[in-house]
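Undergrad: The primary structure of each chain is shown beneath.
Protein chains: 2
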Amino acid sequence: MANKRASLESITLLGAGLVGSLLAIYLKRKGYHVTVFDKRPDLRKTGEVGGRSINLALSRRGYRALEEVGLAGEVQKLMLPMKGRMMHDEKGNLTHQPYGKEGQVINSISRGRLNDLLVTEAEKLGVKINFGEKCIDVDLKAARVQLENSATGAVSKVTSDIVIGTDGAFSALRNVMQKEDRFNYSQYYLEHGYKEISIPPTASGDFAMDHQSLHIWPRGKFMLIALPNLDKSFTCTLFFPFSGQPSFESLHNEKELVAFFQSTFPDILAYMPDLAGEYFKNPTSSLVTIKCYPWSSHGKTLILGDASHAIVPFYGQGMNAGFEDCRILNEVIEEQDGDWPAIFEAFQKQRKPDADAIATLAFQNFIEMRDKVADPDFLLSKKIEARLHQLFSTRWIPQYSMTTFSDVPYAEALAIGQQQSAIMERVMKTPNIEVTWEQLDFEAIVNALDQRKITLKTQ
Amino acid sequence: MANKRASLESITLLGAGLVGSLLAIYLKRKGYHVTVFDKRPDLRKTGEVGGRSINLALSRRGYRALEEVGLAGEVQKLMLPMKGRMMHDEKGNLTHQPYGKEGQVINSISRGRLNDLLVTEAEKLGVKINFGEKCIDVDLKAARVQLENSATGAVSKVTSDIVIGTDGAFSALRNVMQKEDRFNYSQYYLEHGYKEISIPPTASGDFAMDHQSLHIWPRGKFMLIALPNLDKSFTCTLFFPFSGQPSFESLHNEKELVAFFQSTFPDILAYMPDLAGEYFKNPTSSLVTIKCYPWSSHGKTLILGDASHAIVPFYGQGMNAGFEDCRILNEVIEEQDGDWPAIFEAFQKQRKPDADAIATLAFQNFIEMRDKVADPDFLLSKKIEARLHQLFSTRWIPQYSMTTFSDVPYAEALAIGQQQSAIMERVMKTPNIEVTWEQLDFEAIVNALDQRKITLKTQ
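Heads up: the sequence lines are chains A and B, in that order.
Be aware that the first sequence starts at 1, since it is given in the working numbering, and climbs by one per residue.
Be aware that the second sequence starts at 1, since it is given in the working numbering, and climbs by one per residue.
FYI, nobody ran anything at the bench for these hints, they're computed from the structure.
Just to be clear, a hint being listed does not mean it is correct.
Any copy, or any two copies together, can satisfy a pair, since identical chains are not distinguished.
Claimed, not checked - Quick list of in silico lysine-lysine cross-link-like pairs, BS3-like style, CA-CA up to 25 Å:
no.: 1; residue 1: LYS281; residue 2: LYS91
no.: 2; residue 1: LYS157; residue 2: LYS281
no.: 3; residue 1: LYS221; residue 2: LYS349
no.: 4; residue 1: LYS281; residue 2: LYS141
no.: 5; residue 1: LYS221; residue 2: LYS157
no.: 6; residue 1: LYS157; residue 2: LYS77
no.: 7; residue 1: LYS291; residue 2: LYS179
no.: 8; residue 1: LYS195; residue 2: LYS179
no.: 9; residue 1: LYS45; residue 2: LYS101
no.: 10; residue 1: LYS179; residue 2: LYS134
no.: 11; residue 1: LYS281; residue 2: LYS179
no.: 12; residue 1: LYS291; residue 2: LYS352
no.: 13; residue 1: LYS232; residue 2: LYS141
no.: 14; residue 1: LYS77; residue 2: LYS382
no.: 15; residue 1: LYS30; residue 2: LYS281
no.: 16; residue 1: LYS352; residue 2: LYS91
no.: 17; residue 1: LYS39; residue 2: LYS179
no.: 18; residue 1: LYS291; residue 2: LYS101
no.: 19; residue 1: LYS30; residue 2: LYS101
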C-alpha cells in the first residue's frame with residue numbers, strides 16, 4: 001500500500017547488491033522516490049559478481065520477500081532445490097541427511113543472476129540506479145551523500161530525505177556512523193578463509209554428482225562443500241585455516257595440493273580437471289562477523305543487511321536475513337505510517353536481537369558442518385529429533401527447520417534450539433541409546449520443552 | 001643501551017600525549033631518530049588538556065617506567081599520594097578503606113602537568129615534536145604518513161622506517177589498520193557517561209576534604225568520585241547513566257540538579273559553589289572500551305596505549321597500562337636486537353592478553369566502586385583478605401594490590417583474582433561469618449590458592 005507522504009519523499013540507497021535492489025523494489029512500490037548508487041559497474045554488462053561467492057542458498061525467509069514483491073515465478077526459474085546434505089567421508093562413502101520433511105528444500109541460486117533480476121525489476125518500476133558511483137562521505141544530519149564517479153573522478157553531492165546503506169559488510173555509510181559518539185561496533189574474523197573451485201559438467205553434459213543435495217566433506221577442523229549450478233556444474237568451496245597444518249599456508253604447490261586432496265577428498269579429485277590452476281589462481285577470502293548498534297542515525301540514515309550485520313555463511317542465511325530485513329522494514333513503515341525516526345527506532349529495536357541470533361547460529365553451524373555431521377552420536381540425535389518432529393509436528397521443530405523453513409524470529413529459533421539441545425543432551429545419556437532409542441518416551445521429551453506452535457512452510 | 005642499528009633508523013610517532021611523549025623518550029634514549037606529530041596545539045602554550053580528564057591516578061606500573069627514564073624525582077613533585085578510598089554515604093558518614101599496606105599509595109597527578117614534563121624532556125633529548133599536524137592517512141606498507149597542518153591546511157608526507165601510533169582511543173593509524181583484511185576490532189560504549197565538577201580550596205586556602213584519599217560516593221547504579229589537585233582543589237567526576245531515572249537526561253535545570261545533589265550527595269553540595277554553572281556548561285563525555293588485533297601491520301607500523309586498548313577509567317590503570325607498554329616494548333627491542341618485524345610480533349603476542357585483562361578488571365572495578373563498596377558483606381570480605389595478606393604477605397595478595405602495586409602481568413592478576421573470588425565466595429558462606437571470621441583457618445584458605453610468589457612495591 002502506497003503511503004500518502006511517500007511521493008513527497010526521496011530515498012537514496014547506497015549499494016545495488018541483492019539487498020539494495022530488493023529494498024529499492026519494496027520502496028518504489030510504496031511510492032517513494034528511490035535513487036540507488038553503487039560503486040561497482042553494472043554487473044549485467046560485466047558479468048562479474050564482485051569477488052563474492054558464486055551461488056547462495058535461498059530459503060523460506062528470502063523467498064517470502066521475493067514473493068511479496070511479485071517475483072516468485074521469475075525466481076523459481078533460477079532455483080535448484082537441494083533436499084538435504086550429502087556427506088562424503090574419507091573413503092568416498094556417502095550419507096544423506098534430509099533438511100526437513102518432503103518438500104522442504106533449500107535452493108541453490110546464482111548470486112549474479114538473482115542480482116540481475118532484481119536490478120532489472122527495480123529499473124522497470126522506475127528506480128534510477130547509478131553504477132560506478134562510489135560513496136566517499138555522508139553528512140548524517142543532512143542526509144547528504146558525497147559520490148565519486150569511478151570513470152571521470154567527478155565528485156557530486158546528493159541530498160535526499162533519507163539515506164539507507166545497503167552497501168555490504170564494508171559499508172561506507174557505517175564507516176561514517178562508526179565515528180559518531182556511542183556507536184557500538186565489532187568486526188571479528190575467523191581463523192578460516194575460503195576458496196572456490198569448480199566442478200564442470202561431465203563429458204556427457206550431466207551433473208557430476210547428485211544435484212539435489214548440498215555436498216559436504218566434513219573433516220573436523222575444515223571442510224569442503226559443493227552447490228549445484230543451473231549449467232550442471234558445481235561450485236565447491238574449501239573452508240580452511242589460513243595457517244597451521246594443514247592450511248592455505250601449508251600447501252605450496254600442485255604436488256602437495258593433489259596429494260592433500262587425494263588423501264582428504266579422494267572421491268572429488270577426478271571431477272576437478274583444473275584443481276591446481278584454480279586453487280593457485282582464485283583468491284583466498286576471509287570470513288567476518290560484523291555487529292553494530294544503533295543502525296540508524298539522526299532519524300535520517302539507516303544501515304541494513306550485511307552493512308549492519310554481516311555473518312559467516314555456514315547457515316546459508318546471509319541473503320535470507322537481508323531480504324527479511326527488507327520485508328520487516330516494509331511492515332514497520334506501514335505500522336509507523338511513514339514517520340522515519342519512529343520507523344528506524346522500531347525497526348532496529350525489533351531486528352537487532354534477531355541479527356545477533358543469526359550470527360550465533362551461523363557460527364554454530366560451522367562447527368556442526370565441519371565436525372559434528374560426521375559424528376554417529378550427532379547423527380543419532382538428529383534421527384531422534386526427526387522422530388520427535390514427525391510425532392509432534394508443531395511442538396518439536398528442529399532448530400534448522402525453524403531457521404530455514406519458518407518465519408519465526410531468529411532470536412526465538414536460537415532460544416528454542418538451546419532448550420532442545422539441553423534436553424537432547426540428557427536424552428543422549430540414556431544407556432544403550434543407540435539400540436533403545438525407539439523406546440524413548442517421546443511425549444515426555446516434548447513436554448520438557450516450553451511450548452510455542454510454529455508453522456513450517458515448504459517455500 | 002643504544003642499539004647499533006638505532007642511529008640508522010627513523011621512527012615517526014603519532015600523538016604527543018602521555019604515552020607518545022614517554023615512548024619518544026625511551027626510543028630517543030636508545031639512539032633512534034624520533035619525530036613526533038600531534039594534531040593538537042602545544043598544550044604548554046594553550047594550557048588545555050584536550051577535553052580529557054584533568055587528573056589521573058599514577059601507580060606502580062606507570063611510576064616504574066617514569067623511573068626507568070630518569071624522571072622519578074620530577075614526577076614526585078607532581079604527585080599527591082592517596083592512601084585509600086574514603087566512602088561517603090547518603091547521610092554524609094565516612095568509611096575509610098586503605099588501598100594496601102603502609103606506604104602503598106596511588107597518586108593523583110595532573111594530566112596536563114605530567115604531559116608538559118614528558119614533552120619537555122623529550123625535546124631536551126633532541127626529539128622533534130611537531131604540533132598542529134593531523135594525520136589524515138597512512139600507507140602501512142611504506143610507513144608513510146600524510147599530515148595536514150591545522151593552521152595552514154598544508155598537506156605533507158613523511159616516510160620513515162617505522163610508524164608508531166600513540167594517538168589515543170580514536171587513533172588515526174588504527175582507523176587505517178581497520179580496513180586491512182583480518183583486523184579484529186571492537187568499540188563498546190558504557191550506558192554511563194561522565195562529567196567533571198570542581199571543588200575549590202576552602203576560604204582559608206585548604207583542601208575541603210581529606211586530601212590523602214580518593215573520595216567515592218557509591219550509589220548503586222552511579223557514583224561520584226573526587227581526586228585532590230596540587231592547588232588544593234578537588235576534581236569530582238560524576239559517572240551517571242545517559243538516560244533513565246536518574247540520569248544526565250533526567251536533570252533539566254538548576255532546581256532539579258540541586259535537589260538531586262541535596263538528597264544524593266548531601267555532604268558535598270556546600271563545597272561546590274558553581275555546581276549548576278559547571279554541570280550545565282561542562283561536556284558529558286562517553287566511556288569506551290576498544291579492543292583490536294593485530295596491533296602491528298607489515299612489520300612497519302604499531303599501535304600502542306589507548307590506540308590499541310582503550311579502557312574505562314575505573315581501575316585508574318589506563319595511563320599506567322600505556323606506560324607499561326612503553327617499558328615492555330623497550331625490553332622487547334633489546335631482546336629482539338632491533339629487528340622490528342620480530343619486535344612487533346613478540347610485543348603484541350606478549351601484551352595482548354594483559355590488555356584484555358585490564359579491560360575486564362577496569363569494568364569490574366566500576367561495579368565494585370559504584371555498588372559493592374557500600375555493601376557490608378563486601379567490606380567484610382575485604383577485611384578477611386587484608387588479614388590473609390597480613391599473615392601470608394607473598395602468598396595471598398589482593399587483586400587490587402597485584403594490579404596497582406606490582407608488575408605481575410595483568411592477565412595473571414586477573415586469573416589469580418578470579419581464583420581468590422571463588423575461594424572467598426565459599427568462605428563468606430561460613431555461618432555467622434560476621435562475628436566468627438577471626439576464627440577462620442586462614443592457612444587452609446591460602447592453601448586453596450595455586451601458589452605464585454609476588455613481590456609488592458611501594459612505588
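Undergrad: Hint by hint, say whether it matches the structure.
TA: A quick look at each hint next to the structure:
1. In this homomeric assembly, LYS281 and LYS91 never come within 25 Å of each other (Cα to Cα): the closest approach is 28 Å inside a single copy and 74 Å across copies.
2. For the homomeric pair LYS157 and LYS281, neither the shortest alpha-carbon distance inside one copy (39 Å) nor that between copies (36 Å) is at most 25 Å.
3. When the C-alpha separation of LYS221 and LYS349 is checked against a cutoff of 25 Å, the pair qualifies only between copies, where the shortest distance is 24 Å, while the shortest distance within a copy is 36 Å.
4. Within a single copy, LYS281 and LYS141 get their C-alpha atoms only as close as 44 Å, which misses the 25 Å cut-off; across copies the closest is 24 Å, which meets it.
5. Taking the closest pair of Cα atoms, LYS221 and LYS157 never come within 25 Å of each other, the shortest separation being 48 Å inside a single copy and 45 Å across copies.
6. For a Cα distance limit of 25 Å, the shortest separation of LYS157 from LYS77 qualifies neither inside one copy, at 39 Å, nor across copies, at 55 Å.
7. With identical chains, the CA atoms of LYS291 and LYS179 are at most 25 Å apart both within one copy (15 Å) and between copies (16 Å).
8. Taking CA atoms no more than 25 Å apart as the test, LYS195 paired with LYS179 passes between copies only; the shortest distance there is 21 Å, against 33 Å inside one copy.
9. Within a single copy, LYS45 and LYS101 get their C-alpha atoms no closer than 40 Å, and across copies no closer than 76 Å, so neither meets the 25 Å cut-off.
10. Taking the shortest Cα distances, LYS179 and LYS134 sit within 25 Å of each other both inside one copy (19 Å) and across copies (16 Å).
11. Taking the shortest Cα distances, LYS281 and LYS179 sit within 25 Å of each other only across copies (24 Å), while inside one copy they are farther apart (37 Å).
12. When the C-alpha separation of LYS291 and LYS352 is checked against a cutoff of 25 Å, the pair qualifies both within a copy, at 9 Å, and between copies, at 22 Å.
13. For the homomeric pair LYS232 and LYS141, neither the shortest alpha-carbon distance inside one copy (50 Å) nor that between copies (44 Å) is at most 25 Å.
14. Taking CA atoms no more than 25 Å apart as the test, LYS77 paired with LYS382 passes in neither setting, with 32 Å inside one copy and 71 Å between copies.
15. Taking the shortest Cα distances, LYS30 and LYS281 never come within 25 Å of each other, neither inside one copy (45 Å) nor across copies (45 Å).
16. Within a single copy, LYS352 and LYS91 get their C-alpha atoms no closer than 44 Å, and across copies no closer than 43 Å, so neither meets the 25 Å cut-off.
17. When the C-alpha separation of LYS39 and LYS179 is checked against a cutoff of 25 Å, the pair qualifies both within a copy, at 22 Å, and between copies, at 17 Å.
18. For a Cα distance limit of 25 Å, the shortest separation of LYS291 from LYS101 qualifies neither inside one copy, at 33 Å, nor across copies, at 45 Å.
19. Taking CA atoms no more than 25 Å apart as the test, LYS30 paired with LYS101 passes in neither setting, with 36 Å inside one copy and 71 Å between copies.
Violated hints for the displayed structure, listed by number in ascending order: 1, 2, 5, 6, 9, 13, 14, 15, 16, 18, 19.
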